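A.B. asks: So the sequences go chain by chain: A, B and C.
For the first sequence, my numbering puts the final residue at 467, and the numbers step up evenly by one.
For the second sequence, my numbering puts the final residue at 747, and the numbers step up evenly by one.
For the third sequence, my numbering puts the final residue at 185, and the numbers step up evenly by one.
Simulated from the structure, these hints should not be mistaken for lab results.
Small disclaimer: the values here were computed from a predicted structure and weren't measured.
Mixed in with the good hints, there may be bad ones.
Result set (EDC-like, lysine to aspartate or glutamate): computed pairs, CA atoms no more than 20 Å apart in a straight line [stated by the list, open to error]:
| # | chain 1 | residue 1 | chain 2 | residue 2 |
| --- | --- | --- | --- | --- |
| 1 | B | K744 | C | E34 |
| 2 | B | K744 | C | E132 |
| 3 | B | K744 | C | D83 |
| 4 | A | K362 | A | E401 |
| 5 | C | K45 | C | E82 |
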Amino acid sequence: MTESFKRSAGRKVLSRSSAKELGSVSHLLVDAQERRIAAVVIGRGKKAQLVEWEQLSGFGPDAVMVVDEGALRPPADDRERGATEGKLELVGKRALSEGGTEVGKLDDVTFDTDTGALVELIIGDRRVQAGALMGSGSYAAVLDDSAEPSP
Amino acid sequence: MGVLGWVIVVVIVVVVASVAFVVIRRRRRGGRVIAAKEKG
Amino acid sequence: MRLLMTASQIRGLPVVTVRGGEDVAEVRDVIFSPEAGRLLGVTLNKRGFLAGRSRDVLPAEAIHAIGQDAVMVLDALSLVAPEDAPDDVAHPAVERNVIGDDVLTEGGLSLGKVTDLVLLVGSSGEVVGYQIEKPGGGRGYIPLPAQLAVSGAALVVPNITEEFVKDDLVGLGATVDEFRARLGLS
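With the hints as extra help, turn the sequences into a complete structure.
C.D. replies: Below is the structure:
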């Protein structure tokens with residue numbers, strides 16, 4: 317099933333083993349090189365925790381199910397801390413072409429809920445294949461030149 | 708300290724901050740276009 | 000995508016890594032070779048409103064692309080310490096800043112003062128010409144190779160350059176080939 321980052325924000329996160337509510341989705345951390353979701357960020361601020369995609373039993377329309385509460389962990393490095401602070405959030409990120417031209421703003425990103433693979437990047441009224449994503453970070457998401465609007 | 712004293716302190720702080728600001732901004736401006744020296 | 004940009008438009012652009020999506024520096028000075036007619040590299044400032052200069056420099060070989068909104072590099076390793084960079088870029092000859100230089104023909108006529116450099120950017124940086132302020136006021140453009148000699152005070156150009164002063168970048172772009180043909184080049 318295809319889901320979007322915007323729609324997933326705020327979704328409940330539950331433990332499959334205990335049915336306990338663990339929090340809600342605040343950000344989705346992306347591995348830009350592999351173009352897939354690497355981890356789900358739950359909660360905000362100092363208490364924010366991450367759970368790796370592999371530790372989810374399902375990303376459903378009503379809840380995100382984590383295999384076990386023990387899969388939640390605090391951020392392990394600067395990059396993950398940046399993610400919990402929202403600096404790496406793709407929604408709203410400036411989109412820059414690899415040629416150095418601003419393409420627009422990422423309004424939303426869609427992904428496959430079975431694999432976590434990114435499907436499309438939505439920029440205004442344009443839908444760009446996720447394959448165009450070359451890298452992303454705190455300043456911008458860099459897209460290959462196929463994403464540059466025609467002159 | 709009277710009101711006048713405080714006014715003077717504020718003025719000094721503003722002046723120092725402005726000077727520091729201008730100095731830092733000017734130091735980083737760059738914008739030069741440099742022609743490399745000819746070879747050989 | 001190739002487009003014409005001036006050095007002043009390139010100054011201040013963020014240097015962004017393709018893989019990391021980070022703004023690792025911003026452009027400070029532009030260094031070019033008048034003989035080769037190309038960009039050699041840029042010096043850098045750190046990012047941030049009150050941040051100072053950066054010791055690192057960015058040689059042209061390490062630039063992935065220059066565009067309207069950013070200078071792209073593959074990753075932060077593209078920014079090199081001065082000891083690892085070509086001398087022209089690591090220790091720029093600041094006395095040879097051409098901005099403000101008087102543009103003089105061999106015959107001794109002043110065509111104006113240099114106000115900017117015009118480059119054709121994309122994946123490489125080719126210097127196309129100079130932007131000048133004409134003696135009577137008003138902006139002009141003269142094509143490269145324009146100078147027989149350049150110092151920090153003046154550019155000496157062939158006499159025929161006088162016929163090739165254009166009013167806009169479009170005119171400049173159109174005139175470069177003809178100018179070079181007249182000079183007996185390529």
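A.B. asks: It remains to establish, for every hint, whether it holds in the given structure.
C.D. replies: Taking the hints in turn, this is what the structure says about them:
1. Note on K744 (chain B) and E34 (chain C): the hinted pairing holds, with a Cα-Cα distance of about 9 Å set against a maximum of 20 Å.
2. For the suggested pair K744 (chain B) and E132 (chain C), the alpha carbons sit about 24 Å apart, so the restraint of at most 20 Å is broken.
3. Taken as a hint, the K744 (chain B) and D83 (chain C) pair is honoured in the structure, with Cα atoms around 19 Å apart against an allowance of 20 Å.
4. Simply put, K362 (chain A) and E401 (chain A) have alpha-carbon atoms about 9 Å apart, close enough for the 20 Å limit, and the pair holds.
5. Only pairs whose Cα atoms come within 20 Å are accepted, and K45 (chain C) paired with E82 (chain C) is accepted, the gap being roughly 19 Å.
Of the hints listed earlier, the one the structure fails to meet is number 2.
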